[in-house]
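Trainee: Each chain, letter by letter, is given below.
Protein chains: 2
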Amino acid sequence: MATSSLLLISSCIISVLLQAASASKTRHFKWEVGYIYASPDCNEKVLIGINGKFPGPTIRAKAGDTIHVELKNALHTEGVVIHWHGIRQLGTPWADGTASISQCAIDPEETFLYRFRVEKAGTYFYHGHYGMQRAAGLYGSLIVDAADGEEEPFRYDGEFNLLLSDWYHQSIYDQMVGLSSKPFRWIGEPQTLLINGRGQHNCSLAAHLIEGSGKCESMSKDCAPVVLRVLPNKTYRLRIASTTSLASLNLAIGNHKMVVVEADGNYVEPFMVGDIDIYSGESYSVLVTTDQNPSSNYWLSIGVRGRKPKTSPALAIVNYRPNSPSKLPESSPPVVPEWSDYNHSKSLSYRILARRGATKPPPQSADRRIVLLNTQNTVDGYTKWSINNISLALPPTPYLGSMRYRLKNAFDGGMPPENFPSNYDVMRPPKNPNSTQSSNAYVIRFNSTVDVILQNANALAVNVSEIHPWHLHGHDFWVLGYGDGRFDEEEDVARFNLKNPPLRNTVVIFPYGWTAIRFVADNPGVWAFHCHIEPHLHMGMGVIFAEGVEHVGRIPKEALTCGMTGKMLMDNHLP
Amino acid sequence: MATSSLLLISSCIISVLLQAASASKTRHFKWEVGYIYASPDCNEKVLIGINGKFPGPTIRAKAGDTIHVELKNALHTEGVVIHWHGIRQLGTPWADGTASISQCAIDPEETFLYRFRVEKAGTYFYHGHYGMQRAAGLYGSLIVDAADGEEEPFRYDGEFNLLLSDWYHQSIYDQMVGLSSKPFRWIGEPQTLLINGRGQHNCSLAAHLIEGSGKCESMSKDCAPVVLRVLPNKTYRLRIASTTSLASLNLAIGNHKMVVVEADGNYVEPFMVGDIDIYSGESYSVLVTTDQNPSSNYWLSIGVRGRKPKTSPALAIVNYRPNSPSKLPESSPPVVPEWSDYNHSKSLSYRILARRGATKPPPQSADRRIVLLNTQNTVDGYTKWSINNISLALPPTPYLGSMRYRLKNAFDGGMPPENFPSNYDVMRPPKNPNSTQSSNAYVIRFNSTVDVILQNANALAVNVSEIHPWHLHGHDFWVLGYGDGRFDEEEDVARFNLKNPPLRNTVVIFPYGWTAIRFVADNPGVWAFHCHIEPHLHMGMGVIFAEGVEHVGRIPKEALTCGMTGKMLMDNHLP
Chain A
144 MATSSLLLIS SCIISVLLQA ASASKTRHFK WEVGYIYASP DCNEKVLIGI
194 NGKFPGPTIR AKAGDTIHVE LKNALHTEGV VIHWHGIRQL GTPWADGTAS
244 ISQCAIDPEE TFLYRFRVEK AGTYFYHGHY GMQRAAGLYG SLIVDAADGE
294 EEPFRYDGEF NLLLSDWYHQ SIYDQMVGLS SKPFRWIGEP QTLLINGRGQ
344 HNCSLAAHLI EGSGKCESMS KDCAPVVLRV LPNKTYRLRI ASTTSLASLN
394 LAIGNHKMVV VEADGNYVEP FMVGDIDIYS GESYSVLVTT DQNPSSNYWL
444 SIGVRGRKPK TSPALAIVNY RPNSPSKLPE SSPPVVPEWS DYNHSKSLSY
494 RILARRGATK PPPQSADRRI VLLNTQNTVD GYTKWSINNI SLALPPTPYL
544 GSMRYRLKNA FDGGMPPENF PSNYDVMRPP KNPNSTQSSN AYVIRFNSTV
594 DVILQNANAL AVNVSEIHPW HLHGHDFWVL GYGDGRFDEE EDVARFNLKN
644 PPLRNTVVIF PYGWTAIRFV ADNPGVWAFH CHIEPHLHMG MGVIFAEGVE
694 HVGRIPKEAL TCGMTGKMLM DNHLP
Chain B
144 MATSSLLLIS SCIISVLLQA ASASKTRHFK WEVGYIYASP DCNEKVLIGI
194 NGKFPGPTIR AKAGDTIHVE LKNALHTEGV VIHWHGIRQL GTPWADGTAS
244 ISQCAIDPEE TFLYRFRVEK AGTYFYHGHY GMQRAAGLYG SLIVDAADGE
294 EEPFRYDGEF NLLLSDWYHQ SIYDQMVGLS SKPFRWIGEP QTLLINGRGQ
344 HNCSLAAHLI EGSGKCESMS KDCAPVVLRV LPNKTYRLRI ASTTSLASLN
394 LAIGNHKMVV VEADGNYVEP FMVGDIDIYS GESYSVLVTT DQNPSSNYWL
444 SIGVRGRKPK TSPALAIVNY RPNSPSKLPE SSPPVVPEWS DYNHSKSLSY
494 RILARRGATK PPPQSADRRI VLLNTQNTVD GYTKWSINNI SLALPPTPYL
544 GSMRYRLKNA FDGGMPPENF PSNYDVMRPP KNPNSTQSSN AYVIRFNSTV
594 DVILQNANAL AVNVSEIHPW HLHGHDFWVL GYGDGRFDEE EDVARFNLKN
644 PPLRNTVVIF PYGWTAIRFV ADNPGVWAFH CHIEPHLHMG MGVIFAEGVE
694 HVGRIPKEAL TCGMTGKMLM DNHLP
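Heads up: the protein sequence lines correspond to chains A and B, in order. Numbers 144 to 718, taken from this note's numbering, label the letters of the first sequence in order. Numbers 144 to 718, taken from this note's numbering, label the letters of the second sequence in order.
Note: identical chains are not told apart, hence a pair may lie in one copy or across any two.
In silico DSS-like links for lysine-lysine, alpha-carbon gap of 30 Å or less:
hint : residue 1 : residue 2
1    : K489      : K642
2    : K551      : K700
3    : K377      : K400
4    : K205      : K400
5    : K325      : K188
6    : K215      : K325
7    : K325      : K173
8    : K173      : K551
9    : K173      : K196
10   : K325      : K364
11   : K325      : K196
12   : K215      : K700
13   : K188      : K451
14   : K710      : K700
Source of the hints: derived by calculation from the structure; they are not laboratory data.
Construct the entire structure; sequences and hints are all you get.
Mentor: Have a look at this one:
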């Protein structure tokens, strides 16, 4: 008895020690992706959850940790992948989680191991990257704290995590079919905005409250506003990330200012705002000091920007303790800026600069400049988005495998164009709206420095140009500048900010404007660069960058089971 | 000029000759399975079509032909397979089109070649056999005519093909999630019945017509009754097949009798009926003589049997030429027999016998008897159907590959039970409703003769026992008998019809009754035997028969790309 107790205690100690050791290095997760019923806005819908939950579980790690997600696909008949948005995947390009690009979709009943390192503290998230599964609810937060012994360059007393999204009542299957149909069927505006998977639809809570007419009776906890419990006179970090399908958002807190300190996992020079625009694919940290009348609670709200909004704002309550969280704020929710007030949006974007001393400045010159014209087009009567007149059609065999193993004809050959015709008028609909579909890719010299100019233009309708948040996989990039109208290769280049441009992984182009970014192609792999609006990507709005693929290590077979790599593997023709 | 004309003519002749030669032997089809919008009952829905059409194209061939279907999966994120219902697949078990059983689901963008021989003239159909894709509209007709020089044992002047189905407005994704959820959510009764993909919903055509109040105004051609144009005093063959998800149907034609001549691709001794019950998975040919008043048109209608109907009948018009097809029949559509009048149904089933001289009688004794108790159960609180207390859970690796290559642990070991406890009361709900899930399979000695007794029982609710049409893949079987209550292994066996039992591939068990079948295990492969009701199969209502797997030829790699066979192939461990 004594011996067995001793054994038990020893084994407990060993297991505790092992856990402690592993906790600081590798974090294990076992996930099952499957359909669940949920009511994010109190309207029940079948959506994609992880381990029965929506949104998926939050991953919390420290910089330098290794994340280990054993992902089982428990969908009935569909494949699945998960992309770790903002994580560079240096040395593990096969773990980027992009179907047709970095890996084969995981078949039903199969398990895929995502194993990757999180290098840098910051606010990240993850989401589906196959078909439009992100819009079906397949997303969650990934928060990386500073490594032990390291410190964030700002102080706070507590933090909250707000994952923002938008919500459609139509299934993603119906959405995908509509977008792929002739005649084209647009998905329209979302029915609801969500904060941490909860939003207020149809019960008109926001409207009622603005009019002071009291609480919505039918509100269940599924869609009740999230409560942020705070103490007076403290400073809180709000981590905000947007994984919306379509909506550009604006977030504000009644009576409170916010100090922006982080963008996409990079520190920025702190600046104060009353409200903040967040585009799909972006993340921010803001510091909020609870210095207002502590006997009151306050609304935090998010509303739609950049498209004529048909969706009510979503709300959260900043609850000053010891007030009851159900005590309604005395003041109305913040008013969302006019949707078309782009100057307001630009003034925010222009203020985002690298934090002094946080990173070294970018290379002062680039080896190559790629100008990407964003246009709405038709291909054989199907409505598409195109880049330099090519609408991206992903190939059946993921690029990473077919390029690494030099398979022929796995995707369209030829380099896509580096620029667009000089006589193209970005202010008017395309004269000839026909474009073509292709899966061709930009091959980029390893370790070279590349400038990309994203040039916005008129869409198919007259006087319409839309916001597009572009997200780059595998890299952060410096945002060198923004401008209105057509990019001028002399004047605008001369005005690039080469001193303290912010590092981002997502950046917006404003209507009829351009945005210039620079990155170093130092991450062997194949990387998507695309509009983060889910239906736009589905309609072909993206390009593929391949760099240093010859330096990619041994790709796990599980990432190669489909298409030509699958066939080659089976014929034993791959190393 | 003259030479080139000559060349052109010669090449035309050669091509015509080649076509003529190939037309009688191998028939090539190139199909793309994809989502389309369609309005089968004038309510638009996204459904699965083939080459943009719903139902899929009709395959027409002659006995002895080889069918060659190059099937491309153009669904966005889902796998797909197609089962050729009633085709034996002798020598080609990998072409049976059953996911998890005969092949891996075809991934999006991939193409699979179905190549198989149609041996026997008859009325067949094809349909999806992965998840509940059949219920999403993935089906069509497969008609095999007598070989050149052969004759059907009956004469007719023309024929019509009627593929019957039922239709739900809820998507199959929502249906699958509900059926797989705790608490269980039943799909309910179908919204509409369809004849050749058309039905009348909500516009209450049938009701109006019965009351003589005229045509439904809003009817568009998508859901208008199918018109069968006939001449007076001729005999027509109606080919009728049912691929319903749930509904058992009854078909009748106003004022006309029908002579049943074929069932499931086998000739039956002709007999006359006023109406005919058709269960999901069955097919019939009936002869109808147009001997009624030729100045009138007549209704053909199908209605629900065996479940309290909440679905209106679907209609077709038998249009005696030269009447206008839009001339409404003078008499009301036939009245569907009372849904619970099982004696009416039994009297039909009992009359179906093999046509004299058409086939040889069955082996007069069996080598083995397997008794399969059908019960509704719960497994960990999930509602399931079980066979001898096992609810079928299909494995990630298809049986055919894992058995052929003797892979370990690809499915649950152990033989499932051959019988059920003698004290089980089939008339009452299970005392202990808990059952287990398993993927274990019945291994059957090659070329042995097997009797299977399907024993129906009470469902979970008191006084409820449902109809289940059981379908066997890879074989026709003889229906040796039916009975009420518990099967008696002495008395009932003694009463088996061993003289002229009909050959079928699908047979029904009536509430609280039993059905006995016999088959010869002469088809090397792995074959599903299951309730053809789509939600019941999804809930585990089936068993697996494996026979002579060692005689299976080289399985095409394309059928093995998933699960353990996929891994073994990639590690080059398979022959």
